[in-house]
Amino acid sequence: MANTDLKTLADRAVAEIGAAADEAALEAARVRYLGRKDGALAEFTKQIPALPAKERPAMGAAVNDAKRRIESALDERTGALRAAHLERELGAERQDMTLPPRRLRLGRVHPISQTIREVSRIFATLGFETVEGPEIESDYYNFEALNIPPGHPAREKWDTLWISNPLGDDPAHPLLGRTHTSPMQVRIMEKRRPPIRVVIPGRCYRYEATDAIRESIFFQYEGLAIDEKLTMSDLKGVLYAFARQVFGGDRRIRFRIDYFPFTEPSAEIAFSCFICEGRDPKCHTCGGDGWIEAAGCGMVHPDVLRRVGYDPTTYQGFAFGGGLERLCMLRTGAPDIRLFYQNDLRFLEQF
Amino acid sequence: MLIKVPLEWLREYVDIRVPIDELALKIHMSSTEVKGVERPWWDDNVRVGRVEKLEKHPNADKLQLATVEYGEGRRKTVVTGAANLSVGAIVPFADEGAEIIDGHTGERTTLRGKPMRGIKSEGMVLSAKELGLGEDHDGIQLLDPKLPVGALLREVLGETILALDVQPNRPDCLGIVGVAREVAALLATALREAALDPLTTRTPKGLDVRIEDPEACPRFAAALLRNVRIGPSPAWLQGRLVAAGMRPIDNVVDITNYVMLELGQPLHAYDHRELRGGALVARRARSGETLRTLDGVDRVLPDGTLVIADEERALGVAGIMGGESSEIRQDTTTVALECASFEPRGIGRTATRLGLRGSSGSAAARRFAWELSPDLVPLALARAVRLLREHAGAELVGVVDRYPRPRARVNVRMRFSDVPRVMGIEISPEETLDILRRLQFEAAADRDTLVATPPAVRTDIAIAEDVVEEVGRIAGYDRLPMRIPDGPLPLHERHPLEEFRERARDGLAGFGLQEIVAYSLIDPGWLSQLTADGSPLAPEPLRVTNPTSLAQSVARPTLRPSLLDTARRNLRNREGIAIFEIAPVYLPRRGDLPEERWTIGILLAGNAEPARDGETWLTKPRPWDIRDLEGFFDALAELLHVSHPPAEPASAPGLHPGRSIAFAHDGAIRLAAGQLDPRVAERWELPLATFVGEIDLAWWHAASRRPEAKAPSRYPPALRDLAIVVDEATPYRHVVREIRAAAPELLESASLLDLYRGPQAGPGKKSFAFRLVFRSATGTLSEGDVERAMKRVVGRLEHALGAAIRS
Ligand SMILES: [Zn+2]
Chain Z
1 MANTDLKTLA DRAVAEIGAA ADEAALEAAR VRYLGRKDGA LAEFTKQIPA LPAKERPAMG
61 AAVNDAKRRI ESALDERTGA LRAAHLEREL GAERQDMTLP PRRLRLGRVH PISQTIREVS
121 RIFATLGFET VEGPEIESDY YNFEALNIPP GHPAREKWDT LWISNPLGDD PAHPLLGRTH
181 TSPMQVRIME KRRPPIRVVI PGRCYRYEAT DAIRESIFFQ YEGLAIDEKL TMSDLKGVLY
241 AFARQVFGGD RRIRFRIDYF PFTEPSAEIA FSCFICEGRD PKCHTCGGDG WIEAAGCGMV
301 HPDVLRRVGY DPTTYQGFAF GGGLERLCML RTGAPDIRLF YQNDLRFLEQ F
Chain D
352 MLIKVPLEWL REYVDIRVPI DELALKIHMS STEVKGVERP WWDDNVRVGR VEKLEKHPNA
412 DKLQLATVEY GEGRRKTVVT GAANLSVGAI VPFADEGAEI IDGHTGERTT LRGKPMRGIK
472 SEGMVLSAKE LGLGEDHDGI QLLDPKLPVG ALLREVLGET ILALDVQPNR PDCLGIVGVA
532 REVAALLATA LREAALDPLT TRTPKGLDVR IEDPEACPRF AAALLRNVRI GPSPAWLQGR
592 LVAAGMRPID NVVDITNYVM LELGQPLHAY DHRELRGGAL VARRARSGET LRTLDGVDRV
652 LPDGTLVIAD EERALGVAGI MGGESSEIRQ DTTTVALECA SFEPRGIGRT ATRLGLRGSS
712 GSAAARRFAW ELSPDLVPLA LARAVRLLRE HAGAELVGVV DRYPRPRARV NVRMRFSDVP
772 RVMGIEISPE ETLDILRRLQ FEAAADRDTL VATPPAVRTD IAIAEDVVEE VGRIAGYDRL
832 PMRIPDGPLP LHERHPLEEF RERARDGLAG FGLQEIVAYS LIDPGWLSQL TADGSPLAPE
892 PLRVTNPTSL AQSVARPTLR PSLLDTARRN LRNREGIAIF EIAPVYLPRR GDLPEERWTI
952 GILLAGNAEP ARDGETWLTK PRPWDIRDLE GFFDALAELL HVSHPPAEPA SAPGLHPGRS
1012 IAFAHDGAIR LAAGQLDPRV AERWELPLAT FVGEIDLAWW HAASRRPEAK APSRYPPALR
1072 DLAIVVDEAT PYRHVVREIR AAAPELLESA SLLDLYRGPQ AGPGKKSFAF RLVFRSATGT
1132 LSEGDVERAM KRVVGRLEHA LGAAIRS
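Protein chains in written order, with this note's numbering: chain Z, 1 to 351; chain D, 352 to 1158.
Among the clues, some could well be false.
[Stated by the list, open to error] DEER-style ranges, computed between Cβ atoms: (1) Z:D344 with D:H455: 37 to 43 Å; (2) Z:E156 with D:A1019: 37 to 43 Å; (3) Z:R279 with D:A1019: 57 to 63 Å; (4) Z:G287 with D:K971: 47 to 53 Å; (5) Z:G287 with D:E486: 27 to 33 Å; (6) Z:E23 with D:P1067: 28 to 34 Å; (7) Z:D344 with D:H1150: 54 to 60 Å; (8) Z:G287 with D:G628: 54 to 60 Å; (9) D:K497 with Z:G287: 39 to 45 Å.
[Stated by the list, open to error] With a straight-line cut-off of 27 Å between C-alpha atoms, the simulated BS3-like cross-links for lysine-lysine are: (10) Z:K157 with D:K355; (11) D:K386 with Z:K157; (12) Z:K157 with D:K377; (13) D:K465 with D:K480.
Note that these hints are calculated values from the structure, not bench results.
Cβ atoms here follow ideal geometry from the backbone N, Cα and C, with glycine treated the same way.
Could you build all of it, start to finish, from the sequences and the hints given here?
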């Protein structure tokens, strides 16, 4: 009797809910059937206490059953309505995706800093530690400790900017802008014992007219490795590994004779041209001969070792040094070294 | 030093049976850098011609018609304005289509026949300039009458020349013979040295030589020659001088230059009439002694300068420059020829002091600054005497050669295994010996022991490594294998300051600022333009004593002018800028290298938005302001975990006094930031609202801490808003400090929502509205917990700062 009424009620409610067109209709249906005070089911609940005791559990169960059916219909319809709504919105809402985005301001690290980091990273993989040292140097470290005493003809290779200290100059220890990063070879060896593997990036100075490939203020990287059995062939291998990382692919490397007072034997390193592979006689990158001269190198001179207190019959090793800007110019095609220091943001924003 | 080696001259000493390019590559790889190979470039249209007929041009007074025969009966008529032609003259003739040099522009051009005053010129007879042989364009280059008519000009005139850049350790290669010695070794062929009559040394009457300082002048020889006839030197000798880059003068001077080019050893000729006392003396200059040098300048000789003198006066600065008084004249008949050896570093120092160093020095001085072998002295003297006899009619009176302490031959005692020890490649003892002998070393071997004796001219060989290089380079560096070293790896040290610096660089770039790297040497004038009254911002800078330009003549003691200059130049083509630089500034220290103090500099000016390309459709333009600058500093400090470095407040010179902050520590400003003094901005043509800041990197680094990480609280926050009124003079950070101190455990953050000044706050007051977030790590906060914390905050603000709470 009452159960039949309840079932009819629930059937009607489920049908109504299934047909509800929107969330408002659903809410109205919920209030009508499940409302606490005046809902249709509440009418039945109210009657329960008046029933004979043995009918009460059956009635209670029937009410709960009806309630569950209605609630589940409400949930289902709510989900269906939301999905339909979302679908309508996806169909209707459009942004013109061809318009430009909100532009972020991009900050960039200067190409020289980028190149220093890359050189350090590559040599780190070969066991070289990056160290730094003073730009304003003494004549001793820049020249004398490297076998270049005053009056030595090789000084012509390093035209020097001499520095005066406003607090007083010491004629016996003149200051200069270091003409190469090589003084750090001596400073490191004075402080450490072999084995040594270091790379030194840094700013250098020369008394020199500037042009597209030469600056009087520029950056170099220097390498130094000392142990008991390093040879020219190890030097060649290290620079070959470096060239592969910097220029990619199967670089070849060429050594030719060169002269530095602080290395013996000495060599100049060239990398095979990564633009033309030696096949373009008019190549701008290598000048047509297929080789890019990149750095000077050699075995550390026994007199340099002796001066820092190393026994050259026990220890030997190699050093190398090259221009940082040149690496960057070769890789990016930057046509003029001066561009790096003019800091025109239109140039820097390309890196 | 750049030298030119005419191949024809080189062939006199060594047979070259390989193509020139192959030779040049071998020399470049294993001996001396080859800067270039110069070749005659005239094409098949340029030949030797003979003028057959000369006629007046019918339409022009200054032009002639010349009929030129140029072999096999071919002849053409050309129009020319040259006045030095005569019938029978042998001239360079260019047919139409020839490549020549345009006499007016100096550029290469292809010759086209064109009418001149109505008559077509069928070719051209050429001037020196049009041949590319010189600047002379007044007349036609007349050729040797013996040249075969019709021959290709490039076959009979002009030479192939190797341009070499000789390194200072190889003075032996400053002469053609030295280069020939290298080529002979490279090609494994024989060196033909010039046959020389040995000079019998008998001291001639009327000439003696004395060395007063054998350290500075180890060897001094001279020859006395009479009946010398001064005149032009023979064409072949002139030709070689020109090819090697020297100007012919007269036979005596030319021969001394010729011998210098051939052997590397300079000589100097004196007119014997001018030698008072008949002696040449190598001595130190007397105090105040003067000399008129060949360049016509009266020079006071610096004390201790080595001079060549007669018994009364200085005749020249030894090895560097001759004097006017004793130079060879047209009527000279008796010549004293000096050939000496000088200590090179003394020559270098004297040349520097006289301003005659490097390319401004004479060819002789530049050679003497290198370590020429004393053994070259008798060779060069004998060679010069022979040439003077042959080409100047000279008779040798006698020769004197002083060499008080003859240098011992160098014997390098080493092991054959030194070669693989240094080079990392096996080169057999047999090959080692072969290479050394090709290089004219004497070599004695006993099992692994090798004694190598270099030829006397090789002053660069002293130790085993030198010999190893000789063997390695001739064997070829391309034989070296490539090894990755497998020796012990050193333990690396950490570099905390450098790591900190790199994190700062990444941080600032990450904030959208562009890094710059500016010149570290700057214009000293910039330093007096950083404050309104021109007073300096930084200590007196280090100065370059020989700057390349005023604009790069002091080491910058502050980054600020570089930032201002970079902004000024960039703002000419953009509306806004945000840049930073991280670099050392140079601060003088007494009796020591300067301090290189790593510094961060930041500059903001102009438009902050739009970020790029002037695009405003999503982002409206707004100018950078002081809070942006503070924000970058604040964010960078947070990123780098910097808090509360030791500092005292300071004033910031060059910045707007009401819109800047500065902190000092240990007597120096470590941080300064704010709006640039508008008067300074104006001077630098910058927007009045320009913001700059600098931080001492090491000072910040010392106050940075390693981050300590905790798990975030799992419990919900409680939010409370609080408005307070304080005196205008109360700093914001004091308010925050007191709030934090009141509830250190529970307060998660205190954010400023609003700042109000006005009637509701009252005169001389300001009002802050905060949002406080409370949260516990151990449980959900109850209403009561939060109320108690708020009471403590309010109480503390009232008590410590006299704050009033607004409801
Ligand atoms: Zn190339």
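Now the hints, each set against the structure:
1. Z:D344 with D:H455: 37 to 43 Å: Cβ of D344 of chain Z to Cβ of H455 of chain D: about 39 Å, so the range 37 to 43 Å holds.
2. Z:E156 with D:A1019: 37 to 43 Å: holds, 40 Å
3. Z:R279 with D:A1019: 57 to 63 Å: Cβ of R279 of chain Z to Cβ of A1019 of chain D: about 59 Å, so the range 57 to 63 Å holds.
4. Z:G287 with D:K971: 47 to 53 Å: At 52 Å between Cβs, range holds.
5. Z:G287 with D:E486: 27 to 33 Å: holds, 29 Å
6. Z:E23 with D:P1067: 28 to 34 Å: holds, 30 Å
7. Z:D344 with D:H1150: 54 to 60 Å: This hint holds: roughly 57 Å between Cβ atoms.
8. Z:G287 with D:G628: 54 to 60 Å: Because 58 Å falls inside the window, the suggested range holds.
9. D:K497 with Z:G287: 39 to 45 Å: holds, 41 Å
10. Z:K157 with D:K355: holds, 19 Å
11. D:K386 with Z:K157: holds, 16 Å
12. Z:K157 with D:K377: Given that 27 Å is the threshold and the Cα spacing comes to 24 Å, the pair holds.
13. D:K465 with D:K480: Distance of about 20 Å is within 27 Å: holds.
This entry satisfies every hint, going by the numbered hints stated previously.
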